[in-house]
Amino acid sequence: MIEYYNAERPLIMHIDLNSCFATVEQQARPMLRDRPVAIVNRRTESTSIVTASYEAKAFGVKVGMRVKDAKRLVPGLVTLESDPAKYRYVYHKMMSIMKRYSPHITMKSIDEGVIDFHVTTDIIRDRDLVDVGHEMKLRLRQEIGRAMRCNVGISTNRFLAKTAASLHKPDGLDIIDHTNLRQVLTGLKLTDLTGIAKHNEHRLNAVGIYTPIDFLDTDAHTLHTMVFKSILGEQWHQRLRGHEVDDVTHDLKTVGRQYVLEAKNLPHALILQRLHHLCESVGAKLRSQGKQARGVLVYAKTTERGYWHARHMCELPFFSNGAIYAQASMLFAGVPAGIYEIGISCYELNDGVDDQLSLFGDSLAREQQVTEVIDSINKRFGDRTIHAADTLGTGTHVKQKIPFGSTRYL
Amino acid sequence: MNDETFLNERVEVLASFGEGLNPCKPLCFRRASGREVSVSEIGLRHPSTKGMRTIHVFDVTDGGADYRLEFDTERLTWHLTREADHYD
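For the protein sequence lines, the chains are L and Y, in the order given.
Okay, so the first sequence: first residue is 0 according to numbering that gives the first Met the number 0, each after it adds one.
Okay, so the second sequence: first residue is 0 according to numbering that gives the first Met the number 0, each after it adds one.
Any given hint could be a false lead.
Stated by the list, open to error - Using 25 Å as the maximum straight-line C-alpha spacing, the simulated BS3-like pairs for lysine-lysine come out as follows:
(1) K398(L) / K49(Y)
(2) K400(L) / K49(Y)
(3) K56(L) / K70(L)
(4) K56(L) / K400(L)
The hints are simulated quantities; they were obtained by calculation from the structure and are not laboratory data.
Construct the entire structure; sequences and hints are all you get.
See below:
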């Protein structure tokens, strides 16, 4: 079966900053080094931890754990509110270091990226990539700070490179190729593989696949017809063997934001103000990508009824904060009581180029001009210099947080 | 919870402007109370903005406490905006 493994030279490098936000804070504040640190998005005891330092993780502190639970494990835990500007700077520094090695880099999120050495110069490609990996670690320490650490994984495709980067944390450097693929997978669980969480694990277990080696030894037909019931089966077959199937870009499908209310049982009027704030934020994100939307979805999570949502699709695309809020507030009229989280997203996006003349051309042109002027003022004098009057006091609660996942807004 | 104290204190800063990746290095600063603080390490310098104004944020330490200094590139002023010194 080994003849099906990708035997080419590994030229994909995955770089992952270790416990990124906590490490950046420890870099910025030397007194925090070697101490258990947790990064949170809100200064309350009931909030969840976004990132924990390795010192905190050693005591059992995990991402997603509530601060008060973490402090039971580590009474001396230092909790810090996230500082997106700082993390954004480190992200851009990391990206600039990566770009020195290849023009083909992909930032997967704020703390990880991939370098493809297939398309770089011969001088760089002919170097030992292990040396390049160590050099990147050194540059990270020299150009950002000596407390910075990263994991480097090298392989023939993105999936195995990411797997390699997770083998020895923190500060590891590993290679996976056709010679050690089976050996590496032998030491892993199914859920250690990126893309295999509980749901997919159950699917695999149902056909007798309990380990990554079982998964590797399963043929593509079985994965297609019995496990994933789609082309995903073939893709997993290729992916596990080191062939590239993940070098794809995805179009922007939705733009959204959510907010966990600062207190339970807030009056409906105050919740609407926070919804309005979210609408303004979503509108700005939408326009920053040069998009318009046709659909709006609002949701709420309630203590008694769980998840509630409502959506509306318009005939014509829209882009202004006012248009988004008009629809969101209308949909929100049917929201149940006992809300603790709200969210909004715009969908059915397009590029805003419409050659067909509109009957409402004048009013649309005016709305566009007003929106552009507001955006330019906010860009010049700072976010939310101009905003809706009823969101005057919401800024202290609804703050911009770290954009996980997408790097579009960094 | 958080040990930080948030401030907006105008300070006098002695800084060197040289070469390299981080050409601007605050060396010491004098607080409004007259107390002088010597910077023993610059943890991180990152740019930020206030509207179109670029602010360089320096997270520094004197070995006993961490401080945040902000340099306004348009107004050429320094402010001490954070102090953190109680960890235990």
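Verification of the hints:
1. Taken as a hint, the K398(L) and K49(Y) pair is honoured in the structure, with Cα atoms around 16 Å apart against an allowance of 25 Å.
2. Only pairs whose Cα atoms come within 25 Å are accepted, and K400(L) paired with K49(Y) is accepted, the gap being roughly 17 Å.
3. At most 25 Å may separate the alpha-carbon atoms for a hinted pair to count; K56(L) and K70(L) meet this at roughly 12 Å.
4. A hinted pair counts as satisfied when its Cα atoms are at most 25 Å apart, and K56(L) with K400(L) qualifies at roughly 23 Å.
Every hint from the earlier list agrees with this structure, and none is contradicted.
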